[in-house]
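Enquirer: This is what each chain is made of:
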Amino acid sequence: MNNTKDSILTLQDISIRFGGIKAVNHLNLDVKEQEIFAIIGPNGAGKTTAFNIISGLYRAQEGTVLFSGTDITQLLPHQIAHLGMGRTFQNLELFTLMTVEDNLMAARHMHTKTNFWNELVRNNKVKQEEDRNREKVHHILSFLKLQDIANKNVTDLGFPLQKRVELGRALALEPKLLLLDEPAAGLNFVETSELSQLILSIRKDLGITVLLIEHDMSMVMSISDRIIVLDYGKEICLGLPEEIQNDARVVEAYLGKRDSHA
Amino acid sequence: MQNAKKKERKIISLVIVVILLLLAPLFISNYILYLAGVIMIMAIVAQGLNTMIGWGAIFSFGQPGFMAFGAYFGAIVSRQFPMLPFPIILIVTGMASALIGLVIGFPCLRLRGFFLAMATYGFSSALFVLINFFNNLTGGNEGMYVSPPTFGPLVLGSIEAIFIMIVLIGVIAQFFVSNISKSKTGHAWRSIRDGEIAAASLGINIAREKLKLFTFGSCLAGVGGVLYAYLIGYLQADFFSSMGLSFFLILVVGGIGTIWGPLLGSVMILLIPQVFGGVFSQSMNLVYGAILLIFVLVAPKGFLGLFESLITSVQSRRKA
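Chains A and B supply the protein sequences, listed in that same order.
Just so you know, the first sequence maps onto residues 34 to 295 in this note's numbering.
Just so you know, the second sequence maps onto residues 56 to 375 in this note's numbering.
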């Protein structure tokens with residue numbers, strides 16, 4: 034089914050080493066457009082490292098990363114963002130001194146067509162752009178049911194809401210590809226199922242491809258089209274959710290070998 | 056609707072304040088005018104630092120250096136080209152200071168925190184030495200006299216005229232800063248302060264925005280410097296090297312990252328010697344040190360922050 038669609042993100046033989054440790058080891062990945070693709074694996078498997086390579090925070094020592102046909106291996110994070118990639122962070126990287134609305138307004142940076150000199154005198158163009166951006170931001174806030182807390186400072190919010198604000202900030206970038214690093218971590222059962230609906234709707238209504246790292250297996254299995262399992266920076270297994278669930282290698286990576294002594 | 060009305064009222068009250076300030080020379084003694092002029096100049100330079108620290112977390116000790124550069128540059132240009140009207144000199148000095156900011160910022164902004172502070176401090180110190188070294192241009196240790204600003208045949212030598220000039224430039228600077236604060240650039244700068252990794256993930260070019268911010272802050276310092284030269288009429292490098300920490304003091308007292316903090320801080324810091332001058336005239340630094348300590352410990356958001364939290368607590372009490 035997926036073979037008919039174009040690739041949006043391709044990792045070819047990616048490796049990165051920190052000291053003596055190969056955090057990501059000859060990793061290949063191919064995410065198709067409109068796909069929800071999950072990366073799972075035990076702690077320290079190199080999932081977040083892979084994310085950081087894709088979004089440009091780390092530079093791969095070997096291999097190539099292609100995003101919508103462009104080689105982004107050597108690009109800086111802001112250049113990759115300009116190509117249409119948004120992301121969230123495992124340990125939240127919100128702008129803590131700003132309101133919810135301003136966090137999203139900051140993400141409108143690359144969609145705002147004004148220059149410094151216009152902004153100094155605040156001419157009509159600046160005001161029009163600002164109104165347009167604010168409208169877009171409020172559209173996203175209501176999509177995420179955050180409209181009522183738009184003017185609250187983000188530090189006054191609880192962890193689940195902060196996570197949703199960070200998701201909103203990534204959406205305000207209007208990305209083609211969204212990277213979500215453990216979006217369900219710290220959420221309860223109800224919040225997690227809401228999040229699952231939200232991610233499905235991000236793909237369906239906004240047409241955004243989603244690549245996520247997640248430990249919550251019920252969520253991963255219910256929303257993902259395909260799943261890759263990493264351990265020690267290597268791919269152990271790649272396939273449909275039902276294939277992953279029944280794969281002996283995955284069970285081994287998570288729980289250890291059946292015959293080994295604990 | 057209510058917002059528009061509120062805004063209207065705000066603009067009207069601002070206009071009244073500006074008109075009163077412009078009319079002030081008619082009623083106020085020269086000494087007070089001079090003091091008010093210094094306060095506003097310090098506020099302009101502190102505003103430059105305020106944008107750097109409050110929005111970009113750029114801890115620069117370069118402000119006294121850029122202010123000195125602007126003062127000497129403006130004074131030398133007006134001496135060499137007496138025909139130039141003062142607005143041209145102000146603009147050229149602002150541009151020259153911005154250019155120096157760009158050149159100094161480019162290598163320095165690779166550094167952060169303490170190291171950035173040291174590098175910019177090094178710039179300021181080196182500049183003071185250079186000013187004394189090129190004594191044929193600057194008068195060296197003996198200082199140099201500044202010719203009064205001119206506009207065609209008009210010579211604006213009186214303190215009243217210079218005061219009005221300072222008020223107008225101060226208003227323009229405040230207008231620019233408040234506009235930038237609301238704009239895309241303002242959002243980008245504040246997002247860099249709150250988290251560079253996240254800002255980069257939103258497509259913000261950190262290196263370029265920081266350089267822009269540093270250049271902007273340096274430009275304000277340079278413009279403040281040339282106004283200072285006009286106001287005092289005489290320059291010595293020591294004037295600026297002794298300013299050292301005063302801009303930080305102004306910001307801490309006024310409120311870092313707020314639009315009106317620099318002005319409020321300047322008023323308070325420069326009025327203190329007027330109040331305590333009799334008793335503590337030999338140990339003003341002791342008073343400043345105590346103030347700095349008290350504000351950092353008790354009101355880190357400065358006077359403006361204190362005021363805001365007072366208002367919110369009164370409002371919440373009224374609601375209850």
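Be aware that one or more of the hints could be misleading.
What the hints assert, rightly or not - Which stretches of chain A does chain B cover? Using the computed rule of at least three CB atoms under 8 Å from a CB of chain B, they are:
1) 55-63
2) 273-281
Unchecked claim - Label-pair distances were calculated between CB atoms; the ranges are:
3) A:D189 / B:N58: 52 to 60 Å
4) A:E224 / B:V351: 36 to 44 Å
5) A:E227 / B:I66: 55 to 63 Å
6) A:Y265 / B:V184: 52 to 60 Å
Unchecked claim - Derived list of chain B stretches under chain A, where covered just means 3 residues or more per stretch with a C-beta under 8 Å from a C-beta of chain A:
7) 232-244
8) 250-264
Keep in mind the hints are simulated off the structure, nothing from the lab.
Computed from a predicted model, the values in this text were never measured in an experiment.
By construction, the Cβ of each residue, glycine as well, lies at the ideal position given by its N, Cα and C atoms.
Enquirer: Does each hint fit the structure? Answer for all of them.
Expert: Hints versus structure:
1. 55-63: Per the Cβ count (0), the hint is violated.
2. 273-281: Violated: only 0 residues of the region 273-281 of chain A have a Cβ under 8 Å from chain B.
3. A:D189 / B:N58: 52 to 60 Å: Violated - the Cβ-Cβ distance for A:D189 and B:N58, about 23 Å, lies outside 52 to 60 Å.
4. A:E224 / B:V351: 36 to 44 Å: Roughly 40 Å apart at Cβ, these two residues keep to the hinted range, so it holds.
5. A:E227 / B:I66: 55 to 63 Å: violated (44 Å)
6. A:Y265 / B:V184: 52 to 60 Å: holds (58 Å)
7. 232-244: Our answer is that it holds, as 9 residues pass the Cβ test (under 8 Å) against chain A, meeting three.
8. 250-264: holds (count 11)
Comparing the model with each numbered hint stated earlier shows that hints 1, 2, 3, 5 do not hold.
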